[in-house]
Amino acid sequence: MKKVAFIITKSEVGGAQTWVRDQIRLFDGEIEPVIITNHQGWLSESLPDVKCIYVPQIESRFSITALLAITKAIKINKVDIVIASSANAGLYSRLARIFTKFRCVYVSHGWSCLYNGGLMKVVFTRIERLLSLLTDTIWCVSQRDYELAEKVLNISSSRLSLARNAIFVNSINNSTEKKSNTDNKLHLLAVGRLAHPKRFDLLINAVKDLKNVKLTIVGDGPNRERLHHYNFDNVHFLGEIKGFSDYQNYDAFVLISDSEGLPMSALEAGINQLPMILSDVGGCNELIDATNPNGILVSNTINDIVNAIEELLSKQCEFDKNAKIKSENFDIKEYKLLYKKIIFG
1 MKKVAFIITK SEVGGAQTWV RDQIRLFDGE IEPVIITNHQ GWLSESLPDV KCIYVPQIES
61 RFSITALLAI TKAIKINKVD IVIASSANAG LYSRLARIFT KFRCVYVSHG WSCLYNGGLM
121 KVVFTRIERL LSLLTDTIWC VSQRDYELAE KVLNISSSRL SLARNAIFVN SINNSTEKKS
181 NTDNKLHLLA VGRLAHPKRF DLLINAVKDL KNVKLTIVGD GPNRERLHHY NFDNVHFLGE
241 IKGFSDYQNY DAFVLISDSE GLPMSALEAG INQLPMILSD VGGCNELIDA TNPNGILVSN
301 TINDIVNAIE ELLSKQCEFD KNAKIKSENF DIKEYKLLYK KIIFG
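Counting along the sequence shown from 1, when you hit position 265 you're at 265 in the UniProt record's numbering, and nothing is skipped either side.
Keep in mind that a hint or two might mislead.
[Said to hold, decoys possible] Using C-beta positions, here's what the derived DEER-type ranges look like:
1. Val122 - Gln248: 41 to 51 Å
2. Asp246 - Ile64: 41 to 51 Å
3. Ile127 - Asp258: 20 to 30 Å
4. Asp233 - Ser314: 19 to 29 Å
[To be verified] Cut-off 35 Å, straight-line C-alpha distance, at most; resulting in silico cross-link-like pairs (DSBU-like, lysine-lysine):
5. Lys214 - Lys324
6. Lys336 - Lys324
7. Lys121 - Lys340
8. Lys72 - Lys324
9. Lys242 - Lys315
10. Lys340 - Lys2
11. Lys121 - Lys185
12. Lys242 - Lys324
13. Lys336 - Lys10
14. Lys333 - Lys315
15. Lys72 - Lys101
16. Lys121 - Lys341
17. Lys10 - Lys211
18. Lys101 - Lys2
19. Lys321 - Lys336
20. Lys121 - Lys10
21. Lys341 - Lys2
22. Lys340 - Lys3
23. Lys10 - Lys151
24. Lys10 - Lys242
25. Lys315 - Lys185
26. Lys340 - Lys75
27. Lys214 - Lys321
28. Lys10 - Lys75
29. Lys101 - Lys75
30. Lys101 - Lys211
31. Lys340 - Lys315
32. Lys340 - Lys51
33. Lys51 - Lys75
34. Lys75 - Lys336
35. Lys242 - Lys151
36. Lys340 - Lys78
FYI, nobody ran anything at the bench for these hints, they're computed from the structure.
Ideal placement from N, C-alpha and C gives every residue a C-beta, glycine not left out.
All chains, full assembly: derive it from the sequences and hints.
Okay, structure coming up:
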């Protein structure tokens with residue numbers, strides 16, 4: 001049985017962490033997993049039987065201490081395969097290959113070097129291109145990420161793999177009917193960290209004057225205090241809810257963000273048959289069926305978001321029907337063979 005180390009910068013609740021958890025569950029009994037992350041958190045608590053190695057310095061953009069600790073952990077635990085799922089994790093795992101041998105898989109959950117690079121964008125993209133030479137395969141979770149890697153980062157297609165994100169079909173999707181709301185309002189749900197690159201500020205400003213719309217936000221993060229100051233009657237914050245699953249209480253899901261890979265929160269909403277309003281960034285367009293629309297793509301403007309909500313209100317039955325059909329496309333078990341090929345080579 002291969003020993004596989006999943007390296008991720010933070011153990012907090014988030015899309016990349018959910019991805020790691022689901023991969024470990026998907027290959028239960030087929031791999032011996034190890035998690036290397038900053039400290040105890042949502043991910044380690046979600047997988048209490050999995051060995052976790054904590055390297056606090058992994059949060060630093062570059063730390064010799066982190067590199068040495070991660071390399072040592074890989075050697076001591078005789079790791080066969082490393083799967084890195086964040087920018088920092090990708091940096092340290094690939095540099096560790098200079099000192100020890102293992103199969104290295106880097107998962108791009110959206111190219112942060114392009115979206116968040118700012119003035120250093122050129123430098124970061126060149127670094128990513130060099131790091132690709134130390135990578136057995138770069139796992140792109142959306143077609144958009146694959147195209148950016150090949151055409152913008154100029155990474156050889158021989159080092160790229162494409163396999164879209166997917167999630168487990170849960171009991172809610174199979175056994176619980178969507179509850180009908182009795183207040184004649186459209187109940188919108190947004191789930192995510194209250195932090196960059198999410199744009200909850202735009203979403204809140206879009207719904208604040210829509211009297212027939214109620215927005216519920218699930219999540220926590222550094223922007224919590226600032227967002228709570230909006231204090232509108234039709235916007236409600238539930239905070240962080242571990243294992244949130246009450247999708248059946250809502251009419252639609254909304255994700256407004258400056259950058260995404262293929263968002264896990266949208267997949268969870270999709271598999272629970274919710275129509276979606278998504279920012280047209282990253283791989284979000286791959287979740288929306290253009291022929292039989294199960295949702296709407298928007299630019300990050302208040303006007304565009306308002307128009308999308310109004311369209312959803314006017315065609316709610318049509319969107320509901322299409323969302324139910326589309327939900328069958330998000331089952332992780334349908335992708336297992338493809339994932340296995342990427343991981344094991």
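Given the hinted pair Lys340 and Lys3, is their Cα-Cα distance within 35 Å?
holds (14 Å)
Agreement of Lys340 and Lys75 with the hint, judged by alpha carbon distance not exceeding 35 Å:
holds (23 Å)
Does Lys101 pair with Lys2 here, judged by a C-alpha cut-off of 35 Å?
Holds, at roughly 14 Å.
Just to be careful, I want the Cα atoms of Lys340 and Lys51 compared with a cutoff of 35 Å; is the pair within it?
holds (21 Å)
Restraint status (C-alpha distance of Lys121 to Lys10 at most 35 Å):
holds (23 Å)
Holds or violated: Lys75 and Lys336, Cα atoms, limit 35 Å.
With Cα atoms ~28 Å apart, Lys75 and Lys336 stay inside 35 Å; holds.
Hint check for Gln248 and Val122 - Cβ pair distance inside 41 to 51 Å
The hint (41 to 51 Å, Cβ to Cβ) holds, given that Val122 and Gln248 are roughly 47 Å apart.
Does the Cβ distance between Asp246 and Ile64 fall inside 41 to 51 Å?
holds (45 Å)
Proposed proximity, Lys185 with Lys121 (alpha carbon, max 35 Å):
violated (44 Å)
Going straight from one Cα to the other, do Lys321 and Lys336 come out at no more than 35 Å?
holds (27 Å)
Can you confirm whether the C-alpha distance between Lys72 and Lys101 stays at or below 35 Å?
holds (12 Å)
Proposed proximity, Lys340 with Lys121 (alpha carbon, max 35 Å):
holds (33 Å)
Checked against the numbered hints given earlier, this structure breaks hints 8, 11, 17, 30, 31, 35; the rest are met.
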